[in-house]
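The hints should help you fit chain S onto chain D, whose structure is shown.
There are 2 protein chains.
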Amino acid sequence: MAAENSGKTLSREDVDFNLFQVLQIDKLAARPLYADLDREIFSAVLDTAETIAASHFQCFYRKSDLNEPSLEDGVVHTLPELKAAIGAFTEAGFMSAHAPANEGGQQLPVAIVQAAYAFFQAANIGASIYYFLTVSAGNVIRAFGTDVQKTRFLRPMLDGRFLGTMCLSEPQAGSGLADIRTRATLRPDGSYSLKGSKMWISAGDHEISENIVHLVLARIDGAPPGIKGISLFIVPKFDVGNDGAPGQRNDVRVFGLNHKMGYRGAVNTLLSFGDNDDCTAYLLGEPHRGLEYMFVMMNEARISVGLGATMLGYAGYLHSLEYAKQRTQGRLPDNKNPLLPPVPIIQHGDVRRMLLQQKVFVEGALALGLYAAYMVDEERSTHDTTARDEASLLLEILTPIVKAWPSEYCLEANKLAIQVLGGYGYTRDFPEEQYYRDNRLNLIHEGTNGIQAIDFVSRKLRMKDAAGLDLLGRRMQADIADAEAAGLAEFATQLRADRDRVFEATRANFRNAAPGRMGEYLVNSSSYLDMYGHLVVGWMWLRQAIAAKRILDAGCTGDTEAFMQGKLSACQFFFRHEMKRIDHWLPIVASNDTTVLDTSPDWL
Amino acid sequence: MAAENSGKTLSREDVDFNLFQVLQIDKLAARPLYADLDREIFSAVLDTAETIAASHFQCFYRKSDLNEPSLEDGVVHTLPELKAAIGAFTEAGFMSAHAPANEGGQQLPVAIVQAAYAFFQAANIGASIYYFLTVSAGNVIRAFGTDVQKTRFLRPMLDGRFLGTMCLSEPQAGSGLADIRTRATLRPDGSYSLKGSKMWISAGDHEISENIVHLVLARIDGAPPGIKGISLFIVPKFDVGNDGAPGQRNDVRVFGLNHKMGYRGAVNTLLSFGDNDDCTAYLLGEPHRGLEYMFVMMNEARISVGLGATMLGYAGYLHSLEYAKQRTQGRLPDNKNPLLPPVPIIQHGDVRRMLLQQKVFVEGALALGLYAAYMVDEERSTHDTTARDEASLLLEILTPIVKAWPSEYCLEANKLAIQVLGGYGYTRDFPEEQYYRDNRLNLIHEGTNGIQAIDFVSRKLRMKDAAGLDLLGRRMQADIADAEAAGLAEFATQLRADRDRVFEATRANFRNAAPGRMGEYLVNSSSYLDMYGHLVVGWMWLRQAIAAKRILDAGCTGDTEAFMQGKLSACQFFFRHEMKRIDHWLPIVASNDTTVLDTSPDWL
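Here the protein sequences come in this chain order: D and S.
Each residue of the first sequence is one higher than the one before, counting from 2 in our numbering.
Each residue of the second sequence is one higher than the one before, counting from 2 in our numbering.
Any given hint might turn out to be false.
Just so you know, same-sequence chains aren't split out, so a pair can sit in one copy or run between any two.
With a straight-line Cα cutoff of 20 Å, these simulated EDC-like cross-link-like pairs (lysine to aspartate or glutamate) come out [as the list claims (entries may be wrong)]: (1) Lys28 to Asp480; (2) Lys326 to Asp599; (3) Lys337 to Glu293; (4) Lys581 to Glu505; (5) Lys229 to Asp180; (6) Lys84 to Glu104; (7) Lys550 to Asp560; (8) Lys550 to Asp501; (9) Lys229 to Asp335.
Since the hints were derived computationally from the structure, they do not count as laboratory data.
Every value quoted in this text rests on a predicted model; they were computed, and no experiment measured them.
For reference, chain D alone in the conformation it holds in the complex:
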């Protein structure tokens, strides 16, 4: 059996750099919402996350790949290590780290919570799914549930006694939620009876927790067709009585498991509700507003998915970096004397290029994910309504990028990590191949990247008369000015120029966004999203370079100096190598080329 990777899977130094130097998150402590917090507390939270991630999550990452959950006699079996991991996570307070103090939570900023979660994701992405869904489902109940629902379901979720799921897709309607068929019938007692099947339900069954709380999209009898007739329900595995203890087994069954290429530690189920016409469901909020409710937690969920993808890339980067420093092979092009010893492969230009490329992808994605998480904090904690609206708008326009870009480019990083190891990287003796298999999912779930692209081009770019675009431009401008002042003119100039031509093409294309012609307007959505992704990550690199330059200019030595020099080099690589990709996508977008639509399906 392959050994577990016991090395670092995420750089604490990089997390701290982003939180404390780039985002200067300590400032949040001045806000009433976070009044009792300070940097020391933030650091202690991260310390704990780092420790438990290593001791309880990383230790069975490969094992969970080799031992998929099984379904026997209708019961799902998972590894004992998983239950222990979720237990340790809860015990340390992470299940309620984000929750308000009046719920017994720590009321930590989202950026700190996401940073802490990142350590668990980097250690064991499959295991992270269980708490992720619980926290997400809990947030929806907090926002829209009744007090009784909060007491019965949210409370034990925060205590880790109940875990949660999200039940959206159905076999016949994956991303097409308008066509879901699960039906809800009102009962005399005000509850509903649910009937239908759900597909792709992660953590849909297990014996880790006392109970499972499913949030289920369904259509109340007589509801309008399409997405405007979808409601959201709480469906507990065991119904919960007034005493709060799990009671009678509800009529929800797992009838199959999906067996995937990766993410094998996260059980993925097919669930059927109401096979015996006895599935009890509680309406959450008002009828027909289910999708709207789900979308409230979507921004945060998509930040999590983006950061999860980032962490798989990060873990692969650090492992392949360590390998490249140890492994000797071959000689340099300018001195091939076979009598000399072979060199560590990091000395080879193309190997170092593959490492640097991984670095700009994973560190760029981390900066982006934490920036977005910080915007959630900004939105929540500021009392300045303009600042709040801007944070909200920025989040809207960034979310598709925050989800899609890391999944695309950190998968690319995983591909490069394998390549650094060569044949070894392709074997199951090293973790690179598992990171690669696992990360392939992140382009698909929480809205495929194609759907993110359509959302971005059809809604986000144009919303409020393109106010999001304008705001994005202004925020970039502020950093461009800082970069110029910091002596980073090359990158500042390039970002300004790239931003201007990308925005110009975007605005010119708005004229094509006319009713009846939206198919044409949207045909190159993926090129748009790729292009904006690189533009935004270029901006994130500029922000990191400004912070690094400031620290270097103030004087530093040793590891800190090397770290900051690495940030500057990586920024340079991103601008000189990666940003050039904009020249690939821009002419496609600018010409609004319709070759794809002009190609008849019969010609394929």
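Just chain S now, with coordinates in the frame of chain D:
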């Protein structure tokens, strides 16, 4: 257990189009070497390949992934289907399809043989490794072996009684062959005694054939250091007596199996030679020329690897295309009425984009692989020395591209195929994920793509005063002229312009290729290879468009018309979308940016 994919994995129509319309391979029949052949024979060969690939190879592709070969008590066990497949392949004459008539072979053109082999690769890439290595090893013995060696080893390999391997890498020296340590000691009888370990040996042990013929790189005692002291040996698993029958078991043992992410049907072994100081080896050709001999078959082997990668991409493309035509989901952006039925997903712009992108990758790669194979035929069969030298030169410059480009972009095609299916594509119920896992190897073996890039930039571009580059330019020019005459001016103009600016930057950079500065010159090799890959595949698309246009202009209907229209659309997509990537790579190459080398390993 997941079902086997019983659909088409390669388009016969596309193979025929390339061979007979684009390459016009029938012309070869006019050459003395192929005098007894004609189109009817070529078609019959392809018919047989297509039939046997479906009946004996495709039927256990998934099964071979789920049931890896096992090593028990020093013996490797493989699936019975594998032995049956190799048997049917041999029975139908494919093991000697390429061999000269005087060896009992069919003396078929390489392009026909590679096209036939492509069907087996598309059906079951793991199983194809066994005959591929046998044919390659046999070719080396034919070129450099003595008559006795040919009788004892080559003859039974052509009969499929013996299978072959290539033993190059060692655990401490993967791609760094200069450092191999396996030793060969001359015995009084003229044979050698071998001692050492080899790594990554595909088909290194099994019970499919009576015997296994290993070709092994080793260092004769006292040989010069480095690659100039490496010799090539024949090491049979069972020694072969004068009667040609396998005799005594030789001192070569399998001491471990590599367990990979993919290619699981192809057993990959660690071999030890001479554990008991009794490993008999026969020198092939002259001492110290082993690497040179291996490189003689390298061009063809790399064409095979490129075509193998292409076939995995092709199989994924066809499967996802079929799925996209059947699966209904969602509605079009200009008519989202939920009362209308959902549309087949091929109607969605971004899904069709993913299909078209797969199409240009896999069909472009197929055209390239067959073009290169045809150049081998041209080199062998022409009596015009200029034509022969040119074919040889063109092969030299194209080989790194033929190996690397398909592996890179057909892996990308596999990634897109998964995306077309969404969550389903990520499960093991569909073949897309296996194609993706399998294809990841092709960037690594037969010389990593990074090594291909260095070979391309350091040797191939500059060899003979850049004569290869000039020739490539002239060959493109001939097709550019034809394209203009055929009314394909848009693509002709673009190819000319791209070629000219790529060549200009390349030539300007030659000044950096100075002794002591080769590290700098080579630092962006991968960008070079990517850029030339797209340039050359753009040319391949232009050639296909010319042939398609000719057929359309001559008048055709139905499926043929749709096929030709598809070629024109795909060419347009390649030029308007894919060729723009050159604008990403060109400035990196043109500026000879050295950010990578300027980044200290400590900064990573």
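Here is how each hint holds up against the structure:
In this assembly of identical chains, the alpha carbons of Lys28 and Asp480 lie at most 20 Å apart only when taken from the same copy (18 Å versus 64 Å across copies). Within a single copy, Lys326 and Asp599 get their C-alpha atoms only as close as 50 Å, which misses the 20 Å cut-off; across copies the closest is 17 Å, which meets it. Taking the shortest alpha-carbon separations for Lys337 and Glu293, only the inter-copy value of 18 Å comes in at or below 20 Å, while the best intra-copy value is 64 Å. In this homomeric assembly, Lys581 and Glu505 come within 20 Å of each other (Cα to Cα) both inside a single copy, at 17 Å, and across copies, at 19 Å.
Taking CA atoms no more than 20 Å apart as the test, Lys229 paired with Asp180 passes inside one copy only; the shortest distance there is 11 Å, against 68 Å between copies. For the homomeric pair Lys84 and Glu104, neither the shortest alpha-carbon distance inside one copy (24 Å) nor that between copies (66 Å) is at most 20 Å. Proximity of Lys550 to Asp560 under the C-alpha cut-off of 20 Å is restricted to the intra-copy arrangement: shortest distance 15 Å within a copy versus 62 Å between copies. In the homo-oligomer, the alpha carbons of Lys550 and Asp501 never lie at most 20 Å apart, since the shortest distance is 25 Å inside one protomer and 40 Å across protomers.
Taking the shortest Cα distances, Lys229 and Asp335 sit within 20 Å of each other only across copies (18 Å), while inside one copy they are farther apart (68 Å).
Going down the numbered hints, you'll see the structure goes against 6, 8, while the others check out.
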